[in-house]
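Given only the sequences and the hints, what does the whole structure look like? Please build it.
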Amino acid sequence: MPCNPRYEILFEPMRIGPVTAPNRFYQVPHASGMTNALPRVRAAFREAKAEGGWGVICTGACSIDPSSDDAPLPFATMWDDNDIRAHALMTEAVHRHGALAGVELWHGGASVMNRTSRLPPLSPSGIPWMATHVGFMGNLRPKTMDKADIKEVLRCQAEAARKARTAGFDVVYVYAGMGYLGYEFLLPEYNHRTDEYGGPIENRVRFVREMIEVTKDAVGKDCGVALRVSLEELRGRPGRNQPSEAHELIELIADLPDLFDVKMDSSPTDCSASRFTGEGSHEPVIDFVKSLTKKPVVGVGRFTSPDTMVSQIRRGVLDFIGGARPSIADPFLPAKIREGREAEIRECIGCNICISSWHDGVPVRCTQNPTAGEEWRRGWHPERVERADAAERILIVGGGPAGLECALTLGRRGHEVMLADSSRSFGGRLTFEKTLPGLSAWNRVVDYRLGRLEEMSNVSLYPESRLSADEIIALAPDRVVLATGARWTDMLYSSLEIPVGRLDRPDVLTPDDIAGGRLPQGPTLVFDFDNYYMGGVLTEHLAAQGIPVSYVTPAGQASAWTIMTNELPLVHRALARRKVAVTTLHILKSFDGETATLVHLFTSEETRVACRSVVIVGLRLPRGELFEALTERADELAATGIRSVDRIGDALAPGAIAHAVHSGHKLAREIGTNVRWQPYRRDTPIVDAVADFDMRTAAE
Numbered sequence: 001m002p003c004n005p006r007y008e009i010l011f012e013p014m015r016i017g018p019v020t021a022p023n024r025f026y027q028v029p030h031a032s033g034m035t036n037a038l039p040r041v042r043a044a045f046r047e048a049k050a051e052g053g054w055g056v057i058c059t060g061a062c063s064i065d066p067s068s069d070d071a072p073l074p075f076a077t078m079w080d081d082n083d084i085r086a087h088a089l090m091t092e093a094v095h096r097h098g099a100l101a102g103v104e105l106w107h108g109g110a111s112v113m114n115r116t117s118r119l120p121p122l123s124p125s126g127i128p129w130m131a132t133h134v135g136f137m138g139n140l141r142p143k144t145m146d147k148a149d150i151k152e153v154l155r156c157q158a159e160a161a162r163k164a165r166t167a168g169f170d171v172v173y174v175y176a177g178m179g180y181l182g183y184e185f186l187l188p189e190y191n192h193r194t195d196e197y198g199g200p201i202e203n204r205v206r207f208v209r210e211m212i213e214v215t216k217d218a219v220g221k222d223c224g225v226a227l228r229v230s231l232e233e234l235r236g237r238p239g240r241n242q243p244s245e246a247h248e249l250i251e252l253i254a255d256l257p258d259l260f261d262v263k264m265d266s267s268p269t270d271c272s273a274s275r276f277t278g279e280g281s282h283e284p285v286i287d288f289v290k291s292l293t294k295k296p297v298v299g300v301g302r303f304t305s306p307d308t309m310v311s312q313i314r315r316g317v318l319d320f321i322g323g324a325r326p327s328i329a330d331p332f333l334p335a336k337i338r339e340g341r342e343a344e345i346r347e348c349i350g351c352n353i354c355i356s357s358w359h360d361g362v363p364v365r366c367t368q369n370p371t372a373g374e375e376w377r378r379g380w381h382p383e384r385v386e387r388a389d390a391a392e393r394i395l396i397v398g399g400g401p402a403g404l405e406c407a408l409t410l411g412r413r414g415h416e417v418m419l420a421d422s423s424r425s426f427g428g429r430l431t432f433e434k435t436l437p438g439l440s441a442w443n444r445v446v447d448y449r450l451g452r453l454e455e456m457s458n459v460s461l462y463p464e465s466r467l468s469a470d471e472i473i474a475l476a477p478d479r480v481v482l483a484t485g486a487r488w489t490d491m492l493y494s495s496l497e498i499p500v501g502r503l504d505r506p507d508v509l510t511p512d513d514i515a516g517g518r519l520p521q522g523p524t525l526v527f528d529f530d531n532y533y534m535g536g537v538l539t540e541h542l543a544a545q546g547i548p549v550s551y552v553t554p555a556g557q558a559s560a561w562t563i564m565t566n567e568l569p570l571v572h573r574a575l576a577r578r579k580v581a582v583t584t585l586h587i588l589k590s591f592d593g594e595t596a597t598l599v600h601l602f603t604s605e606e607t608r609v610a611c612r613s614v615v616i617v618g619l620r621l622p623r624g625e626l627f628e629a630l631t632e633r634a635d636e637l638a639a640t641g642i643r644s645v646d647r648i649g650d651a652l653a654p655g656a657i658a659h660a661v662h663s664g665h666k667l668a669r670e671i672g673t674n675v676r677w678q679p680y681r682r683d684t685p686i687v688d689a690v691a692d693f694d695m696r697t698a699a700e
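So the sequence shown is numbered by full-length UniProt numbering: it starts at 1 and just counts up by one.
No wet-lab data here; the hints were simulated from the structure.
Hints are supplied without guarantee of correctness; some may be wrong.
[To be verified] 25 angstroms max Cα-Cα, derived BS3-like pairs, lysine-lysine:
| no. | residue 1 | residue 2 |
| --- | --- | --- |
| 1 | 579 | 434 |
| 2 | 294 | 221 |
| 3 | 143 | 221 |
| 4 | 579 | 666 |
Small disclaimer: the values here were computed from a predicted structure and weren't measured.
The structure is reproduced here in structure tokens:
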């Protein structure tokens, strides 16, 4: 199908200084966990987006100097010739598809600890970023930059820009956002200087202006120069001559960069999860920028709807549609719009598992797109799978995220697939979870896959079909895949920080009970040691039903692991709005129907809380009964021609939805092949061995 005329504006070429982007789809810089240590993984990951129609493809943070060292968090570098060659793999891959390649040159300033380089961090006035995330904490405080330090950083920026041009980049960034060095000069909380770099906004912008100028002097004839800047805090500060200091900042440098990349100040607001923030949430902060500059503007907002994209352009909010998370969820989003296949877009669900991957220091993972990060490691393409050598009849039991993804991928490989589920509708755990506060967008996992499956003549869907081992054997498929999920248990938690014992009472519930329609009597105590979203969102859900509820966890925060997905402060705000009392560092010792006894995790001090019900959100275990019943009848399976019985998703190992989708996809790719048990390919850094040998020889 041709492109809908309504969306043709999205495919107009756009100038960025001396270079031209083929369209308005702009994959903004974003962390991917793929540093110079994984150059081939990174190149293939970015190439998929270029192939899918993104007009500009950018790196994540790329350090200009060892004084900007974010280890152990993953970051790229532009320090030497090895780095040039590593980045060239990415630029060459992107250029093969006619896209521009951009590099986000970056100095972390006071927000990095320089753990590897052991150099003092730099900041305008020695003011540190006192992070609450353990991964960002450190005890080395920054040095106040003198004029020589400023001059040296400017030199490093120019030199890194020249290296970037040599590596083949078309757009080179100056970064002044999210707590990093340029941003620190802009904000008076960081910048206490009394020289020409401090004081009024005209002085505080000087360092950023000079960074742009040295970059343009270095590469401006060949490369577009972009400024990435956070505006949220400055937008809240009244200006002297404009409504805010954000307005004054843009006005002061309106003609200097070739492109403005505008964003928010902190990760919880810049890339907020869909649970708390809708599409286009940045607009109230960045909507003024185009009125003050003639240069193109790119911004983000978890855009997945082409109508929203067009609206942003026609209303004069943005020139380029920026995408980070949506470009991960569907690298082919632009191509699908161009080809009139909007219904096939694999829309980002805003769960922020991708962001947690960076915090974990690993290549990006995605709930919607199981091929993200696997393009080179496993040879997985986001849209294509190899046809099976011989089609088989494959029965999948369980229509949750793992089963749906497995069915879709097996169907695309040409197999005859039967997908059966005991429920009236497909979706598994998401059938309930999508109804919880803020999680409706998560059902895109189900909607996308069901939409594609219903188009396939070789896939049959069987809801309300609970199958026993006898019935499976009677069906005699070639293969059986069990995606029967997991169940929440009523196990307690010990001071050794492991699940132990059970609290088996009729007034003790699990999330499964609530999913089944049973609500606890109030007051209710939710005891959460799962630590991800379920405990917090279930507490919200109960409070919304008018049930008095309190929340207890052995962790130091409510839903503690959500710090990895940038949700933690928003979780606490949500619970506070519901007037939920939060008790941390305590375990549930006992409950007698009237009183819950809590024990402090470290001091063993006991506290008693009056309540009539307890909800335990803790350990999940696989639903393994059907697998056990089938494996006990291995001889009958073989006699009927059933070649294998496999488990996927939570039935194999309970985890996040991203784990389930990846598990289903992996089995579907590998079933019936000789690569099933082979490990992924391991990437290696690009190193000039001759130079290393020469250095060793010289040292000897």
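Outcome of the hint check:
For the hint pairing residue 579 with residue 434, the CA-to-CA distance comes to about 23 angstroms; that is within 25 angstroms, so the pair holds. Taken as a hint, the residue 294 and residue 221 pair is honoured in the structure, with Cα atoms around 19 angstroms apart against an allowance of 25 angstroms. In summary, the hint linking residue 143 to residue 221 is not supported, as the alpha carbons are separated by about 35 angstroms, beyond the 25 angstroms threshold. Distance check on the hinted pair: residue 579 and residue 666 sit about 43 angstroms apart at the alpha-carbon level, beyond 25 angstroms; violated.
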